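Asks: Keeping their order, the protein sequence lines are chains D and L.
Position one of the first sequence corresponds to residue 1 (the working numbering), numbered consecutively onward.
Position one of the second sequence corresponds to residue 1 (the working numbering), numbered consecutively onward.
A portion of the hints provided could be inaccurate.
As the list claims (entries may be wrong) - Taking lysine-lysine and the DSS-like style, the derived pairs with C-alpha atoms no more than 27 Å apart in a straight line are:
(1) L/Lys-57 x D/Lys-297
(2) D/Lys-235 x D/Lys-297
(3) D/Lys-334 x D/Lys-379
(4) D/Lys-329 x L/Lys-329
(5) L/Lys-329 x L/Lys-346
(6) D/Lys-329 x L/Lys-50
What the hints contain is simulated information worked out from the structure, not anything from laboratory work.
Note that the coordinates shown come from a computational prediction; the quantities given were computed from them, not determined experimentally.
Next come the chains, spelled out residue by residue.
2 protein chains.
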Amino acid sequence: MAKELTSRTDDYSQWYNDIVKKAQLADNSAVRGCMVIKPNGYAIWENMQKELDRMFKETGHVNAYFPLFVPKSLFEAEEKNAEGFAKECAVVTHYRLKNDPSEAGKLMVDPNAKLEEELIVRPTSEAIIWNTYRNWINSYRDLPLLVNQWANVVRWEMRTRLFLRTAEFLWQEGHTAHATKEEAIDETVQMVNVYAKFAEEYMAMPVIRGVKTANERFAGAEDTYTIEALMQDGKALQAGTSHFLGQNFAKAFNVQFLNQNNKQEFVWATSWGVSTRLMGGLIMTHSDDDGLVIPPKLAPTQVVIVPIPKPNDEIDEVANKIMSELRAKGISVKYDMDKKKRPGFKFAEYELVGIPVRIGIGKRDLEKGVIEVARRDTKEKMTIAVDGISEYVEQLLEDIQTNLFNRAKAYRDEHITKVDTMEEFKEVLETKGGFILAHWDGTTETEIKIRETTKATIRCIPLDNPLEDGKCILTGNPSKQRVLFAKAY
Amino acid sequence: MAKELTSRTDDYSQWYNDIVKKAQLADNSAVRGCMVIKPNGYAIWENMQKELDRMFKETGHVNAYFPLFVPKSLFEAEEKNAEGFAKECAVVTHYRLKNDPSEAGKLMVDPNAKLEEELIVRPTSEAIIWNTYRNWINSYRDLPLLVNQWANVVRWEMRTRLFLRTAEFLWQEGHTAHATKEEAIDETVQMVNVYAKFAEEYMAMPVIRGVKTANERFAGAEDTYTIEALMQDGKALQAGTSHFLGQNFAKAFNVQFLNQNNKQEFVWATSWGVSTRLMGGLIMTHSDDDGLVIPPKLAPTQVVIVPIPKPNDEIDEVANKIMSELRAKGISVKYDMDKKKRPGFKFAEYELVGIPVRIGIGKRDLEKGVIEVARRDTKEKMTIAVDGISEYVEQLLEDIQTNLFNRAKAYRDEHITKVDTMEEFKEVLETKGGFILAHWDGTTETEIKIRETTKATIRCIPLDNPLEDGKCILTGNPSKQRVLFAKAY
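If we strip away everything but chain D, and leave its shape as in the complex, we get:
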């Protein structure tokens, strides 16, 4: 059995890599920094996509698709955005290969097929989309424009980690256009709330919603809203962002509309995205030393039935009955009829891949009219009557979903610490970890100094943050509120 995960206390980072590889979620590829998302991992991502897509459509958005490439002249039009991404851009310079005359069977880039203008592989699509919106928007009647795209993007990161930071990743990016500033801000807030709802209700991952500091904003944004989650090792994960872009892109691409008073005005913009990074968050919120733990609402297979010790006619019959009852309730279930593997081996395998509920059907138990039900989250085993089993499992899946959220939230809440001095700040950071609420004087200079000395960053200024007079932990200058610090992925 290929289990043998590094334990979390021994080496959290190695444990993460072990889970991703041994639960067959993803793997490195032949291309530097690019991952292969394996079927086990992709099935979870598909479930995430399905729920998110539904939530986007329920809030009035439609999907579209824009080109993978951005001509350099468009890419550089919004200067802050361009500057923010310039250092990590994959660039297409040629459009043809030819036979390499020096080596039979080998190809080389054809120097005669150089593009007149280089193409940037999109690191994000504001530039190509706002250049398109110029043709779509003429008057206030064309607004709001509420568009989302599911796509791959490329950012040439130097240090990569499966799901968390990869050169290519999958994401969705919403790009909306509005007639007024207020409406655009409302959209920005609405979408960070959609992300928070998805994270908490589906991923069972509690998040803190907040606003980024100027220094941590998306390149080209006026304001960036974020959801921040806490991983089991006490590090934060930025799990989704929603940007109020002001009129920056409208001005860079000259996107104006005729307002109701017949005057030309620049359009107001938002953009918002979540990515396959969420997979990393899911893993590091719930999983344990035995493997992956997946919240039932996102689990590709919610229930597995294992015959003990082997399938036989009687067990098959009970299993088939349970399967059809569960399927009628919309619960996904599989029956493992493999005769070559022992039950213990199977149990460990299903724990490793995180199936929320396991049902063991044994011959002797059946004589008493009972079966064994095991939940992945707590590893409890219960002896349950076969009669009414599907209702029991249905409720159990809900309980697991709730328990995972509550457990993660209790951990998160225990790991929000208020500190008032730099000394305390460093001590909490080095010992307990987690989020730290501390006063900050509001300057980028202080923010950077704290980061340089502690590696902690300001994750956000939480929404509905209570105001409170205090002094900046670094400079002692006055502050009106605490902000949320953490070391982060």
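Once you have looked at the hints, place chain L on chain D.
Replies: Just chain L, lined up with the frame of chain D:
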């Protein structure tokens, strides 16, 4: 009203472009040959994806995701495949931009950020996937491996047309690995059958299944199966292909497995794909001079309700009742309450975008307990009792789906012509168009000569083709069966 389509008889090609643009399906972009798929077009593609994805899963496939980029050394490993795509590859050579010292605010490719090995933007993923499969496959127990990927690919085509031939397009590509040749061939045939079923049952587009000649095979395949559809202008469209790849990729990437006799063997492969090109096929199979015609099973909105002349309380009430009845039946419906547009304008707009059924609710009709129902396919209008309207519409949608298929099939069947001489061949091609069944001597030389003199290609050798002695129309050499020729997109 922005209708004014070119008529099909005046200029079929211009009519196609007009529909794509005026029904807002897609548009050209700032990137040469790359399209923007607009929300109206993307919604149809999403419906196609949904049904195809379900059919793939029902036949045992799972989804995964592989990198966008293929290192040049992997790309060239399977020589025929590499040769087939080398001339249309977008190549990434650099991974960073920097400020252009000669011009403030401009960026340039950083010459210090040249990749050691160039990356090809995938034109198809056999190379990167088979390089990955080497690590996934060890023994016969790992087979079959049945994986599909939804992705974007890039082929630097010189002459592009929206949906039909674009530099970047969206598609799915299945890549399967098998222990035996027979099993791989079975899979290849199964998937061309899945495509045919999808084309006929969902797109209402009749297709001929067949095998490509050696000359028209996918680069690197042993055999290519295809579905070929006929467009309204008498030209064929290759709508989907399924390839038996033999052991070519397994050998190029050294993918072997331990068979049941404990011996190493090379794995057998298939690949198969359909793309956003299907959107072009859908348009050119059903649409007319008034706009798009979408089969009900793929229509994002199946029914639209228009108040005549304007919404009022009474009409709203009836509309809401009809909507909830239709939605309970799983039918998508919208109610157009816009007071600023006249009904005639709305009718034309909904014809242009192809909503299958339009219900007009007028004040006077309501007094008689009736409403007007118009079907998009035949443009017939019926006066129908409000009572039982949802059952009527449900049946009507099925009838439209069936009628569209039958109409297209009648046209297609009328346009399959048997000819026995080169003279007849040319005459049918220039006057009637469509598919031509003719004898061919089986040589690539003849095939190319016919193409060069007539622009017609061999679309396929139909499956279950009746054997029949005859003489090649070009050379007079003996032939055992007729093959299917046409001019093609």
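Asks: The structure should be examined with respect to each hint, and the outcome stated for every one.
Replies: To see whether the hints hold, each was checked on the structure:
1. L/Lys-57 x D/Lys-297: holds (20 Å)
2. D/Lys-235 x D/Lys-297: holds (25 Å)
3. D/Lys-334 x D/Lys-379: holds (19 Å)
4. D/Lys-329 x L/Lys-329: The given pair, whose Cα atoms are some 20 Å apart, holds under the 27 Å limit.
5. L/Lys-329 x L/Lys-346: Distance ~25 Å between L/Lys-329 and L/Lys-346 Cα, so the pair holds.
6. D/Lys-329 x L/Lys-50: holds (22 Å)
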